[in-house]
Every structure is written in C-alpha cells, then in structure tokens.
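K.L.:
Basically the numbering used here = 1-based index in the first sequence + 5.
Only true hints are included.
Have a look at the derived ranges for each label pair, beta carbon to beta carbon:
{"no.": "1", "residue 1": "I810", "residue 2": "K381", "range": "56 to 64 Å"}
{"no.": "2", "residue 1": "V460", "residue 2": "A252", "range": "33 to 41 Å"}
{"no.": "3", "residue 1": "A110", "residue 2": "T298", "range": "34 to 42 Å"}
Below, in silico cross-link-like pairs of lysine-lysine (DSSO-like), each with a Cα-Cα straight-line distance of 27 Å or less:
{"no.": "4", "residue 1": "K860", "residue 2": "K825"}
{"no.": "5", "residue 1": "K668", "residue 2": "K637"}
{"no.": "6", "residue 1": "K529", "residue 2": "K23"}
{"no.": "7", "residue 1": "K153", "residue 2": "K529"}
{"no.": "8", "residue 1": "K312", "residue 2": "K384"}
{"no.": "9", "residue 1": "K537", "residue 2": "K584"}
{"no.": "10", "residue 1": "K295", "residue 2": "K174"}
{"no.": "11", "residue 1": "K634", "residue 2": "K120"}
{"no.": "12", "residue 1": "K295", "residue 2": "K312"}
{"no.": "13", "residue 1": "K668", "residue 2": "K227"}
{"no.": "14", "residue 1": "K433", "residue 2": "K205"}
{"no.": "15", "residue 1": "K227", "residue 2": "K584"}
Treat the hints as calculated values from the structure; they're not laboratory data.
Note that CB positions come from ideal geometry on N, CA and C, so glycine has one too.
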Amino acid sequence: MHPYDARAIETQWQRHWKSTQAFRSTNPGEPGFDPKAPKFYVLDMFPYPSGSGLHVGHALGYVGTDVIARRKRMQGFNVLHPMGWDAFGLPAEQYAIQTGKHPRATTAENTANFKRQLELIGLSYDWSREIDTSDPAYYRWTQWLFLKLHERGLAYQAEVPVWWCEELKTVLANEEVINGRSERGNHPCVRRPLKQWMLKITAYAERLLADLDLIDWPESIKIQQREWIGRSEGAEIRFDVEHDGGAITVFTTRPDTLWGATFMVLAPEHALVKTITTADRRAAVEAYQKEATAKSELERGDASKTKTGVFTGAYARNPGFEAGDPRGRVPVWIADYVLLGYGTGAIMCVPGHDERDHAFAQAFGLEVREVVLPPKGAKGLADGVCFTEHGTAVNSGPIDGLATPAAKAKAIEWLVARGIGKARVTYKLRDWLFSRQRYWGEPFPLLHGADGSIVPVPEDALPVLLPEMQDFKPAPDGSAPLARAKDWVTTIDPRTGKPVRRDTDTMPGWAGSCWYWLRFMDPKNDQAAFSKEAERYWGPVDLYVGGAAHAVMHLLYARFWHKVFFDAGIVSTPEPFQKLFNQGMVEAFAYQDATGRLVASDEVEPRGHAFVQKASGAELQQIVTKMAKSLKNVVNPDDIIAEYGADTFRLYEMFMGPLADSKPWNPRDIPGCRRFVERVWRLFVDPEAEAPIKPQFALGAKEPALEGATLALERGVHRLVARTDDAFHHFNLNTAIAAMMGFLNDAMKTPEAFTRSQALRFVQVLAPFAPHMAEELWQRMGAPGEVARSAWPRPDPAFLVDDEIEIPVQVNGRHRATVKVPKDAEPAAVEAAARAGAGAHLDGKEVVKVVVVPKRLVNFVVR
RNA sequence: GGGGAGAUGGCGAAAUCGGCAGCCGCAUCGGACUUAAAAUCCGAAGGCCGCAAGGCCGUGCGGGUUCGAGUCCCGCUCUCCCCA
6 MHPYDARAIE TQWQRHWKST QAFRSTNPGE PGFDPKAPKF YVLDMFPYPS GSGLHVGHAL
66 GYVGTDVIAR RKRMQGFNVL HPMGWDAFGL PAEQYAIQTG KHPRATTAEN TANFKRQLEL
126 IGLSYDWSRE IDTSDPAYYR WTQWLFLKLH ERGLAYQAEV PVWWCEELKT VLANEEVING
186 RSERGNHPCV RRPLKQWMLK ITAYAERLLA DLDLIDWPES IKIQQREWIG RSEGAEIRFD
246 VEHDGGAITV FTTRPDTLWG ATFMVLAPEH ALVKTITTAD RRAAVEAYQK EATAKSELER
306 GDASKTKTGV FTGAYARNPG FEAGDPRGRV PVWIADYVLL GYGTGAIMCV PGHDERDHAF
366 AQAFGLEVRE VVLPPKGAKG LADGVCFTEH GTAVNSGPID GLATPAAKAK AIEWLVARGI
426 GKARVTYKLR DWLFSRQRYW GEPFPLLHGA DGSIVPVPED ALPVLLPEMQ DFKPAPDGSA
486 PLARAKDWVT TIDPRTGKPV RRDTDTMPGW AGSCWYWLRF MDPKNDQAAF SKEAERYWGP
546 VDLYVGGAAH AVMHLLYARF WHKVFFDAGI VSTPEPFQKL FNQGMVEAFA YQDATGRLVA
606 SDEVEPRGHA FVQKASGAEL QQIVTKMAKS LKNVVNPDDI IAEYGADTFR LYEMFMGPLA
666 DSKPWNPRDI PGCRRFVERV WRLFVDPEAE APIKPQFALG AKEPALEGAT LALERGVHRL
726 VARTDDAFHH FNLNTAIAAM MGFLNDAMKT PEAFTRSQAL RFVQVLAPFA PHMAEELWQR
786 MGAPGEVARS AWPRPDPAFL VDDEIEIPVQ VNGRHRATVK VPKDAEPAAV EAAARAGAGA
846 HLDGKEVVKV VVVPKRLVNF VVR
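Please model the entire structure based on the sequences and the hints provided.
P.N.:
Structure follows, in structure tokens:
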C-alpha cells in the first residue's frame, strides 16, 4: 500500500529538513566546521517581497541555484546558500499610503508569504541566516557602512538638478525615470534643483571598468557596464572669450579636429552663459534656457532629433589659430544637446566631422570646414557626407598630414606646450543621487549643527532608528516626512551636548542590497557588520544568479560599495561576485484576436492545434509575452505544487530549457514531468505490496553479475552521471533531466536487471532535482544518512564507451549507411567496413578521396 | 536612438572541437488492457513523392569557406530583452 503521495512525502521531508537544520552551513570556529572542505557560496539576487508573492518566473533562478547548491554539497563543498529580503523601498510605501497599513506590517506579511512559498518548493536555504534589510539589526550596519563612505569623502551634499515626481513627492534617480515618467507608477516628473546626498561613484570609474577583467561574468553584462561607465580619452582645450576676459574650457575626444572647430556650444545651464550673453540676445537665451530645463537628458541627447539652439551674441578664439586670423573667430551658441554633467558642459563644434555638430551647422547655416581627409574609397565632405572616422589631418597647421591617432597625440602635445590644453579622460558615469524624501528607508546617520556643520552619529549610537509615524505621506512641498517627527529630529550631539537636528532624508531602495552578500556570511553578528574571518572564508560569492535586468544599476552599485570596503580594509577581495549568471525570463502565452486585442488566458480553449475564444468561438493567435496581471497569465507556484507536487514543479522548471534562455511556461507540459516522477516511483516501489521498497533494492539485496542487461544498465548509469556533470557545467540542466528520463526508459524495459547499487546512484543523480522523492527512496532502500549528504557518484570512463560503435558512412557528404565497428578499429579496417556498407552508392563511381575520422565517420568523395 | 540575446518539427527543446539534424518531453494518431472511461503499457510520426523499396527537400533569408556547415565568415530579415 504505497501509492505515490507527493504531498505526504514532501511535507514530511520539509519538516525533517527544518527540524534537523539540514542545510545549515558552519562558519570557521563553529562546532562541526570542517576546515578541509572547500567552500562554495551560491547566491540568488534576493527578492523585494511584493504583495503579489512569487510567480514561477522568480522560482526559475531559485530552483536553479538550489539544484546547484545541492549537488555541490554532495560533492563535499561547504555550501553557503542563504536567502533574505530587500524590504525597504517605494512600492511598500506607496501601498501603505493607499491602504493606510504601515509598511512594517505589510512587509512582515509579504516576507512571511514569500518564505512560505520558498519552503514549499523545497529550497535548501540556510534559514538561520535569513536577513531583512528593514530590520534595525541589519540597517544599523548599512548606516555604519554609509559612514565609512562618508569618512572617505565619498558622500557629499550638492545642489543638483534632480528628477522630481510630483505624484510620488520625491526625487528619483536618473535610472528611475523613463521618458520623463517615474519607473514605478508611470507618473510625470520634472527637473528641479535640490540639495541632495550624492555618492562619488565617479571616483571609482576607472577601477569599476578595469576590474571587469578580473571576473567571470557574461560578456554582455560587462559590455553594458563599460557602456554605462563610458570612458573616453581626449583633451581639454581652453577657448578665450572675446572682449570678456573669460574662457570656455571644452572636452573633446578629437583634439586633432581643433582646426575644424567653427563654432561652440554651451549647455543652457552653463555658468558662463549669463556673463557672455550680449544684451540683444538675452531674451532669446533666457527663453531657451527655460525650455531646456523641462526636457529629459534622453530627449536632449537624441541625435536623430532636429537641433535647437540660440546664439549668445558672444565670440571666442579658436586657439589653433594666431590672434587676428579670421578663421579663429567662432560664435558661441547654447543648445540642449550639450549636457552640463558631461565633460565640461561645453563643446567645440567641428561640423565637418561630428554628426550632431553637422546637423546643427546645417540647421543654422554655420561654416563647415574639412580637416580630416577620408581614406581612399570612403565618402567624405566632398561627397556631402559628414566623415567621423579616422583619416588624415588637413588644413590643420602643425598636424597636417598625420593619421588620426598620431594627429591626436601631436595636437595634445602642441596644446600642452602652449599652455592651452591637456590630455584628459572623461566618463559618462555620474555621481549617484543617494537621498530620497521618503519614509520607508534607512535614515542617514548624520547630525546637522545650528552652524551648518554636519557630523556623523557616533558608531555606538547606531542604529538611528526610523521613527514610528502614522502619517508618513510626502509633504506637498516635497520636504521629507521625517522632518515632521519633531521629537526625533531634534536631538543632542552626544559628543558636545549641543542641540542638533537629524538628517531627514532616507537612503534609496538600492542601499540595503549594496552589501547584503557580506551580511549573509555572518548574519547574527552584533559587534560588526560581519567578522573578518567569515568574510575571508566565504568571500567572494562564487556564483551569483539573477535576471539580466540588474545588469547595470544593482551590479554597479554593489561593486562600488565593495571596492570602497576593500580600500577601507573591511573586505579582502576587490570584487564581490566572481561568477555571474543570468537566468532567462519565464514568459507566458497570451492570446490575440483578429484585431490584435488581447484575450485573457482563462477565456481561451484549445481546438486542435489552434486556440479559440470560449465565448465567441473566434480563432485566436497564440503569442509569447511576459507574465502580467493584465493578461491574466501569471502563474503562481502554489497552484502548481498543490496539483502536481514540488518535485514535479522543480523538474518542470529545469526541464523547460537551458537556465539562461527565455522560454514560455506551458501548463500542458507539466504532466510529462509528473509522469516521470511516478514512473521512478513505480520502478522502485510496488504500490500494491507490503514492503516499502522492491526487495531487489532493499538493504542486503544480492547484487547480480555485471553482464547482459545489467551490464547495459551499468553503462547507462555511468553515461547518466557523465551527461549530468556536463549539464551542470553548461547550466543546461534540462539535458540532465532528459538523460534521467532516457535511463529510466531503459531501466523500465529490464527492471529485473536493475541493481541496488545502480538504483542508489540513480537516486543520487535525481536528488538535486527532486530532493523529496530522492530522500524518500534513499531511506526506503535503507541507505545510510541522507542522500543530500551522500557522495556524488563519479563516472568510470571504462563504462562510457561500448565495445562496438556505430559509424555513419557518407558519400559526397550525404549520409548513406551506418556500419558497426569495434571501438578501437584501425582506420583501414573502418574504411573497409564503410566501403562494404556504402555498397551500391559507390558502384561505377571513382573514389577521389576518403575522409576517415576515427570514432566519428567515413566520407567517400566520388566522381 | 544605443546596447545585448536569439531564430531548429504542431509546441518546449537536443546536437557547441565543423562529422548520422530533431535525444527527452508535450500535443497528435494507432494498438493492448478495460463493460466503459481514466490511468498504464506498446507503437507511429520533420515535409513532399511513393503500395513499398527508396528518393528529393529541410535548422529565418541570400552568398561564401570546407570532403562535410544548425555550428565558421560576409550581407540581410524578423523577434525578444535591457538602457533610457
């Protein structure tokens, strides 16, 4: 009486794992720590616990890392596999404002729900290391680490034009504003100058770029980070303003084109605009400045857009020409395609060799001068085309005749010698806007004195607790909600006894995730963020898995903080995440009618190979898209597990395709995985019998001789292990499951030949994927301990190749026959066998050439 | 606009050292078992032609390299994702 009962088996083993703390990993110095075991730290990007819970797409990465973690444990690694909550942030607060529920309460509910869901999947996290970024025991150290940045001069306050969202009543980072609307909620945003906390990430630009070479990350992510950092080499050149005595400094990546600069453009916000603008141009200039402020940087930078700008009335001297040379007199304009934050906020314009300058000159009838001759064959100004590539310098005084790279170097030399310029490197990367006028975040541990001084809260006075507030709505004027907690704001500087005011901003949602992988190493420490020993042992993260969506922001911020800690001697590695892996998106089917309108998935039924709308019978087109509530195609793991069990759910998640690929969730495919699980069960257990396991697999069962079907299965087991190892190597775990299914099909054909020793190894291979069933079978077989801690089997090469192998025979590259030859047959023997096998295909033909690839194929080239 | 990834049966996919295209699964069809159905088991199946044997065509499209290309090179089309 042993039918397969997924629920019973899974709840029992989940309870067992919990009560025995089966997946707790030990730190150096703790009882049970094995100093000989190598460590493996496998980390998921921890979730923001939203109210809607996990869907099957989140679970993909978590199941993937779990399968990897479980196998690593079996391979003898001390595995750190933790989970926690990125719990501070805007959505919780928005929700709280809408519902009146305190974010602390909703966060607690949501994290409890997430944890329940994760446990239901049977994930082997070390829950003793669970962390919550909104817990004072955690954010105490976030504040402490912020002070380390502050100490090192990397946190400063500045009046900067920032995105202000009227609806959310807060400033947002550049990356949180899309097309002038907030990423969260899609509310309109405007730019406004405000005093804000900034982090000097630009000070680390060079190292963030260079150290990408140290880490094993997807090239695509590295490219995106390099792009974001945007290093460019060039020169800074000073242009004197006529009649004014002032000077405009520009940055250019093409100092060799100086002699082609026929005008200049300043960012509308550039400080010099005010002083150089002539009286007759003032009205036009000011009107234009006002307009530009409202635009996003993207709109302004868009090269495809028509150029706008106004003349300031002022002229500057191009220093490439002698005083008095009319070619050196260049008009100064302002235009919004020049950004204040990039380079110097001013450019020299070379309309002959820069697309945007060219468009601008065309639009306003400014002079175009050729100073770079295109190489033979390439189109240049002579053909009416703006030439931006490398060529030969012309009309350029001291650098005439030089190829662009040499011309650049010579131009810089020439500028330096005359004291009008120097080599310079700039970055697109900007400093990081780090404050928010919101409630649900880490308070800044800083005190403002009456005299304007700012001092850190002493370390022993941390954490600065977020005050309990009932009304934490943003104020209409944009001032921070914390400013209204009067008792909290007013305090005493413990060092001087003087009254001071607390800083009332909070940190952005990214703050908590800038160091959480370090806290997981030593999560209960109340003397330090983490101990040096723990960090030296566990760091860096060996495998970090998450969506490619975080390619830039989180991963760049995290690297930045980590490098600061490295410089401060707090961590021992220059990079936090040695290997990064991006799991693919889980998409879902959605359905469109003939007009392209989307039809909710629950109103659709299949008809043959097509799909129709239930109500109307209209034929629908099945499309693949992301899961969204509005499409009613979000799938919750709870439902799948309730119907099929966690082992089936895990198998399906992994069987869908390679971990890195995007692939659609197809509910019709899940029963296939369930069938596999049931077939495994029936191979081992006779549901009708008394015995918990078939006698041939029980402890003490006689091991038959390795011959006939048993030998074939033995080879099968070794091949299975080898294929599985390979699958882990490539993260295409679907092929491991395909291999298990293939082996199972073989074993089911000759079940009596399947031995206990083979069965044990099969269960071990199954264990990372379907851990509940594997543990249950392991126990029923009377095997020692838990399969989760058993030693992963090794394939023996002697069993991987059959004595006879099949060789395809081609004639002129076309497959014509297959011949069987001994595995070690000589090429001549293989060719002879192939010639016989090809038979009639060679009759009457002249064999020009024979290609024999040992163990692979034979190809006859004939005429 | 910039950047990234991808395109293989009705569907998810496999074949990454250039060597039998389609392992494994889903859906489909046929058979066995059953009073019947479900479940289970066995079998078929890329397309076209053919009773069959067999042949031809086939990895988004067009070229190229090679004895041999899903895989490498050049050009194109389309899709998805990311950044704003």
